[in-house]
Structure formats: structure tokens, C-alpha cells
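K.L.:
Using the sequences plus the hints, can you model the full thing?
Protein chains in written order, with our numbering: chain A, 40 to 194; chain B, -11 to 128.
Mixed in with the good hints there might be a few duds.
[As the list claims (entries may be wrong)] With the C-beta cut set under 10 Å, the calculated list includes, among others, these residues of chain A facing chain B:
1. Asp63
2. Ser67
3. Phe69
4. Ser71
5. Met72
6. Gly75
7. Asp104
8. Ile105
9. Thr131
10. Glu135
11. Ala136
12. Asn141
13. Asp157
14. Val159
15. Val163
16. Val193
FYI, nobody ran anything at the bench for these hints, they're computed from the structure. Here the structure is a predicted model, which means the values were calculated and not measured. Built from N, CA and C at the ideal position, the CB exists for glycine as well.
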Amino acid sequence: MHDAGPGRMARRKIETDKAVDYADPEPSAFASMLGGLIDANIANSPAKRKDFDELGARVGIWVTDIDEGVTLEFHRGSLIVHNGLKPKRDITIRAEAETVMNLSNLRIGLFGMPVYYDEVGRGVAAKLVQRKLRIDGMLGNIATVNTVTRIFSVR
Amino acid sequence: MGVSAFSDEWARQFKDEVNRSSTYKSAAKGWKWSVGLVVEAEPDKNFPESKGVVMDLFDGSARDITVGTAADAQKCDFVITAPYTRWKQVATKELDATKGILQGKLKLKGDLPTIVRYTKASQEMTECTTRVPVEWPDEK
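P.N.:
Here it is as C-alpha cells:
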């Protein structure tokens, strides 16, 4: 008789050709929105698709004023969106809903760097200074932060 | 005294508020899509039939805002759907629309990158609804 034994968890294999998929049978509204946004962005932009194909990272996003979050598991060309924060994240972005939306509105400038000198960029930078936007793990993962920002950006 | 919620007179005053807003005018520059708001019925709140608000918005101004059926609103490029009580919470500033969408309290249909690009315009549009004095059917 098969016994998986204590402490072992069944792992649900996600078989799909889609670029973006969801780990949970009922993705949260936030998970659906972020997944949908990234799916549309990479479909509309070859540059974002290239970033997506090269990115391997686990990124958490926590929206502090609604107490909801997601974990984005990028696997170089595919993405699995999890409801909530999962372990072993490379970076975790924590901000209010409005700031999370503004992150998607950052312009991308020279050398693929986010632009922090226009109105939206200054607002995001101010939130970083005020610690209303926190990016845990940023110091060792600046390139990942910039790549994720480019993939998020609708600009 | 306020106007009846989601009535023709409410739509007219809402349109005037949108067109008075310089914030909306600049934030919505380039916008060229229709927006439908579906207000789902809640008979126990004295709101017995679903209604649809159809907003013809173009380049920073509201060309027309009308109230019709839910089906009318569902034909728009962008559709936001919620029960009557949720819309009341939005219009009375109890619920922030952006948070409501992220929480799934308001259901959004339409091209996500476009709506995200115009987040500021959407927020100001919500602000405009809060400036219209309303008589709510569940408070009569």
C-alpha cells in the first residue's frame, strides 16, 4: 500500500502551453489582474517578451492596504501566479494599492532603466524614501527589480 | 437634496462634474473608449432592477453619460460590474475603486494595460461621482 509518509505534500503538476498560469484553482482578483496584465504586456511588446523569456525569479507583491498579495514565479518564458506570499522569494515588493498601480505606470528610459524623474517616477521614488514602498531583497537583485518593472510597465 | 441614484438627472450631474474636472481632463488625454458600469440589483436594498451606466468618454471629456439597462453597459469597451451596495460604497468614499478592483469587489472587463495606464483618470472619475449629492433608495 502506498504511503506518501508524513510531511510529504502532493505536488500539483501544472501542464500548460500558456505563458501565464495560476497555481490556485481560484486565483484571487489581484492574482488574475497581475497575471492578465503581464500576459497582455508580453503579447504586445517583443522587448517585454524578451525580458520575460530571460527572467527566472520568485517575486512577491504585498498590497499593504488590502492585506493581499501574490507570488510570481518566473521560469524563463513562463509564469505561475500564486495567491499569497510563498517562501523562497528573491524580492518582495510591499506597497499600497495606488503605488502598486503606479509601478505599472513607470516609464522605461535609456538602457531599460525605469524613469524616476517624471511625475509618476518621482511619486514612486518618494514612496521608496518614505518607506511606503519597500522592496525586500533589492540590494542583491537590482537587475531583477528592473526587469520585473519593465515587464509590469504598461508604458 | 440629492438626486435619485443612477437616474437620468444623476447621469447629467455626473457628466457635468467630469467635464468640470481639470484633473480628469489632463489625466484622460488620449482616452477613446466607452465605459459601462453595471449596477446589479439588490431588491432588499430597494434597488429592484439592475441598471447600466454608459459613459461616452473621449480625450479628457465626457461626451455623454446615460443610464439604461445592464445589457447596454455590457456592450462598452470597458465594463465594471458590482452590486448596488458596492457602488454606493464607492460613491460615498467608503471603498476606494482601485482597491475594490484588486480585491474583486468590483469586476473589471477590458484591456488591462489600457485601464492601468489611465489609473489617475479612473480615480478622478470616481472622485467625480462622490461630488454628486445622491438620494439612495435604501435610505428612503
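K.L.:
Run every hint past the structure and note whether it holds.
P.N.:
Hint by hint, here is what the structure shows:
no.: 1; hint: Asp63; result: violated (13 Å)
no.: 2; hint: Ser67; result: holds (7 Å)
no.: 3; hint: Phe69; result: holds (5 Å)
no.: 4; hint: Ser71; result: holds (8 Å)
no.: 5; hint: Met72; result: holds (6 Å)
no.: 6; hint: Gly75; result: holds (5 Å)
no.: 7; hint: Asp104; result: holds (6 Å)
no.: 8; hint: Ile105; result: holds (5 Å)
no.: 9; hint: Thr131; result: violated (17 Å)
no.: 10; hint: Glu135; result: holds (9 Å)
no.: 11; hint: Ala136; result: holds (5 Å)
no.: 12; hint: Asn141; result: holds (7 Å)
no.: 13; hint: Asp157; result: violated (13 Å)
no.: 14; hint: Val159; result: holds (9 Å)
no.: 15; hint: Val163; result: violated (13 Å)
no.: 16; hint: Val193; result: holds (4 Å)
Comparing the model with each numbered hint stated earlier shows that hints 1, 9, 13, 15 do not hold.
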